[in-house]
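> Chains A and B, in that order, are what the protein sequence lines are.
7 is the number of the first residue of the first sequence in this note's numbering; add one for each residue after it.
7 is the number of the first residue of the second sequence in this note's numbering; add one for each residue after it.
Simulated from the structure, these hints should not be mistaken for laboratory data.
All C-beta atoms, glycine included, are put in the ideal place defined by N, C-alpha and C.
All the given hints hold, so there is nothing to weed out.
Facing chain A, according to a computed beta carbon distance under 10 Å, are these residues of chain B, among others:
(1) Glu-94
(2) Leu-103
(3) Gly-111
Capping the alpha-carbon separation at 30 Å, the derived lysine-lysine pairs in DSSO-like fashion look like this:
(4) B:Lys-38 <-> A:Lys-256
(5) B:Lys-63 <-> A:Lys-302
(6) B:Lys-342 <-> A:Lys-63
(7) B:Lys-302 <-> A:Lys-337
(8) A:Lys-335 <-> B:Lys-337
(9) B:Lys-326 <-> B:Lys-337
(10) A:Lys-434 <-> A:Lys-462
(11) A:Lys-268 <-> B:Lys-349
(12) B:Lys-458 <-> B:Lys-20
(13) B:Lys-265 <-> A:Lys-315
(14) B:Lys-354 <-> B:Lys-302
(15) A:Lys-389 <-> A:Lys-315
(16) A:Lys-93 <-> B:Lys-38
(17) B:Lys-337 <-> A:Lys-63
Protein chains: 2
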Amino acid sequence: MEKKATTRKEDYSKWYNDLVHNADLAEHSDVKGCMIIKPYGYAIWENIRDILDRMFKETGHSNAYFPLFIPKSYLSKEASHVEGFAKECAVVTHYRLRATADGKGVEVDPDAKLQEELIIRPTSETIIWNSYRNWIQSYRDLPILINQWANVVRWEMRTRLFLRTAEFLWQEGHTAHATQEEAVEETEQMLRVYADFAENYMAMPVILGRKTPSERFAGAEDTLCIEAMMQDGKALQAGTSHFLGQNFAKAFEVKFADKHGKQDFVWATSWGVSTRLMGALVMTHSDDEGLVLPPKLAPIQVVAVPIYKTSEELEQIEAKLVALGQSLKSKGIRFKYDGDDNKRPGWKFNEYEVKGVPIRIAMGPRDLANGQLEIARRDTKEKFTLSFESAETHIPQLLAEIQQHLFERSKQFREQHTFEVNSYAEFKARIDEGGFFLAHWDGTAATEELVKTETKATIRCIPFTENPEPGQCMVTGLPSAQRVIFAKAY
Amino acid sequence: MEKKATTRKEDYSKWYNDLVHNADLAEHSDVKGCMIIKPYGYAIWENIRDILDRMFKETGHSNAYFPLFIPKSYLSKEASHVEGFAKECAVVTHYRLRATADGKGVEVDPDAKLQEELIIRPTSETIIWNSYRNWIQSYRDLPILINQWANVVRWEMRTRLFLRTAEFLWQEGHTAHATQEEAVEETEQMLRVYADFAENYMAMPVILGRKTPSERFAGAEDTLCIEAMMQDGKALQAGTSHFLGQNFAKAFEVKFADKHGKQDFVWATSWGVSTRLMGALVMTHSDDEGLVLPPKLAPIQVVAVPIYKTSEELEQIEAKLVALGQSLKSKGIRFKYDGDDNKRPGWKFNEYEVKGVPIRIAMGPRDLANGQLEIARRDTKEKFTLSFESAETHIPQLLAEIQQHLFERSKQFREQHTFEVNSYAEFKARIDEGGFFLAHWDGTAATEELVKTETKATIRCIPFTENPEPGQCMVTGLPSAQRVIFAKAY
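Bound-form chain A, shown alone (with noise of 0.2 Å):
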C-alpha cells in the first residue's frame, strides 16, 4: 500500500485510481480496456447487487439469462439502435484456432471462419426481443417481467476502472406490455427503485429526470435517469430506465392479440445500473486518507483490532472482543476481529480506513481495565470511548447515524454546489467551478449543442418537479418551460 496517496485538491482523477488500487477494489489487466474487480471491490459489489436483486423482486420481476452473442444483423434491425452500439463492440469472427506451422503457439483457424459474425453484447434489447417474439401470442403472456444480471461489452479505448471499462457488469430489465400506459409506468417505477437504492443504501443523493432527445439511449423513445454529484462537481449519470415504445416490438416483429382478437405490436422498457456505480460510490464519500463506505454497502461494517504486548492481554481482549462480535453477528451485522500477529495495530488501523470500514474498535490493556473500548468513526474520523455494556446497543445506532450523516453530508455538497445562473456569460465564467446548474433552456438540440462545444457541459437532465418555473433560454433568450441541469460529467 502507498502510504501517502494523492489529495483530491492536488489531482482528482489520481486520488481516484490511488483510491481504487489501494483499497484493493480493482484493477486494470493486461487484455486492453478490462479490469479485474478484487475480492473486496466485488464483496461491495456483491452487496449492491443482491439489495437490487430483492428491490426487482419485489416489484415482480424475475432474472433470466439470454446469450453473450448476438448475430450481427440483428443489430441492424433497430435502426437508432444500430447506430448507437454498432462503432463500438467486439466482433467474434472464427470458432477455432490451431497449431502454428512451428508448433510453437496457436493461430487463427481460417476455416473456421463464421457465416454471421456474432457480436458481444453490448446491450440485449435485440436478443430478448427475438425471444419474445416467440413468448408472446397473446394479452394473457404480458406482462413479461425479465432481469438478467451480466458482462456486457463496449469498445473503449481510454478507460478508467469502474467508469468506463470495455467489459463491465450491469442488469438490464427488459418488460413487455399490452399498453403504453403500463409500459409508461413500469419506466417510472424502476427509476423510482434506482432512486431508492442511490438515496438509502448508498447514501448517494440522486436527480430524477429525463434526458433530452439527443442523450436518449439508442432506441428509445423517453429516457429517465438519476443524476448524482460527485465530489469535484461533475455529474454522473448513476441509472437510466427507458420507455421504448414499440420500436423493438416493430423491429422484431412481436404483436399480441388483445381481448378482442386485435393485434398490436407490444410496448417495451428496459433499465440498467452497471458496476459503474462503484465508481459513483467511491467518488461520493471518499477523502483523502482513503474509501469511505457507506455501512449498508459496507462487507465488513465494523472491525475490532485488539492491542496488547502479552499474549496473556492479548488472550483477556480477545475474548471481550470475540464476545461483542458474537452478540452483532446475531443481530445481522458484519463484524471481522482482526487478531493477525503479524501486523501492528497502526497497519491495521491505516489498512481499514483506506478499505473505508465504518466503526473501528480498539482495545487495549487500559480499556479492558476500565470495561470500555474506544470507536473511530471512519466518516467523521471522531474517537471515543464507550462502555463494554453499552456497546452492543450503541453500536448498531452508530451505523445507522453514519449512514444517515453520509446522505446528509452528499447532500449538502449538493447543495452547495447547485447553481441557478440566467445569463450564458455567467454560465461559460462558472462552469468550470463544477457544480450543477440550473438553467433554461429553449428545448432546442442546436442550443444544447452549442453549449456542449463551447462549454463540454450536457444537459444531465430535465428533472422531475412539481413547479416548473418558466422563463427564456440563457443561450437565445426563446421560451423555457423550467430549468434544467447543465453539468460536466463522468
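Once you have looked at the hints, place chain B on chain A.
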C-alpha cells in the same frame, strides 16, 4: 404446453428435451449453440448458485471477477492446456462494425482489426494466473482462495440444453498455495463440498473418485470428480476439482518467497460446476409427467390451488389458504397461492406437476366444511387429506421427507444399476443395458482406449475406497489395484 409428452421408455433423449421445454426451464436460441435460460429454470439455478456460494464462503473463499477475454498467446503458455481448449473457442478479431455501402446493414470494419486476437474464456486459469503473478510475492500473500461466477464459451456443434452448450454459466475456483500438501487438501475439500451439495441439496447420490490420466483436465496433475447416474443408466460428471501442481505457476512465472526467503513456484487448484447440474437434476428425479424437484432447490416448494364454484366459496377458501401460506412463509417455505381465475384447477394441477412443485395443496368447499386440505406429493404422486390445523407442522416435515425420499430412491436406482463384471466378454454383452460397471483395469491408456473404441464406455473414475480389492484386468488379465467404474456418459 404439450398434453402428451414423450415417455422415458419411448425416447429418453426426446423425453429430456420435451421436459426442459414443457417445464419452461430453457430453450435454444437462434444463436447456434447458445441457450436461453428461462425464468423458472433460472430460479432453480439461483438456488443452486446461492447454496454453493454460501458453502464456498464458509470454506474461506471470496468471489472476484476477471476479464471475459483472453489474449490468444496466453493459451499457448501451458502446453497441455492449449491442446485441450484452443480447438473450440470463440475468437474476437475486430472491435468495430461500420455501415455497409448501401446503408442498409452493418459489416465488420477491416480497419478495426485487433493486433492480437482475443479468445472468449473457455476457462480462466491463464488470465487468472497472469494476474496472480502480480499479487504474490511472499508466503504472506498465500493462500489465495478465489471463486468466480461467470459465463464461458466452448464452441460446440452438437448441443443439448444444459448438458452441452457453447456458452454456459458456471463457477470456477482458482486457488494458490505455498505447499503441495495444502493444494492437494484444497482439491479434496472442494470435491467434498461438491459431493455434499449434490447429495444433500440435489438429492443426487454421487461417486467420489479420481479421473484416469487421459480424462484429466488439460493442465492438471490430478482431476477428482463426482459422478452421478442418470435414469438411462448413463454417467454424468457433475463436478471436478483439479490439483494443478505448479504447471500454471511455471507457465506464468508465479513465484513466492517462503519464510526463509527461498523462492519457489506456487501450487494451484481449480474446481468448477456449471449449469450442467441443471441437466443432472432433471435426469435424476423427473418422471414421465414432468419435472420432479428436490424441495431444497424448488423455486416453489408448496403451491395451493382453490377449488370453487361461487365467489363466496372462493373468498372463504382463499382466506384459509393465504393464512396457511403466511404461516409457512414465516418458516422459510417458498409458498405460492394460485388464485388465477382464468385457469381451471385441472390446468393448474398439470402445470405444477410438469414444473415439479414438491407439494400441491388443493381445497374445495367440502374440504372447507371438514376443516381439511388435500395434499399431493409430486415425488410419489400420493394424495391424502390433512386437517387444516396439522398442515402447518406437517408440511415442513413432509418437505424434509420428500427430500430424503428422492435421495434414497436415486441411490437405490444406482445400486440396482451397478454391476461387478469380471470378463470383457460379459462387459461387452451388458454395457448397452446402461449402468455403472465395476471392473478391473490394468492402468494403461491403451486398454482404456480399446474399451472406449469397442464399446463407447469410458472410465468414469477410479473410486475412492477404503478397501481396494486387487484383481486382474478384465481385458488383459494384468494386475489391477482396484475396480474402476466404466460407463457410457453424457
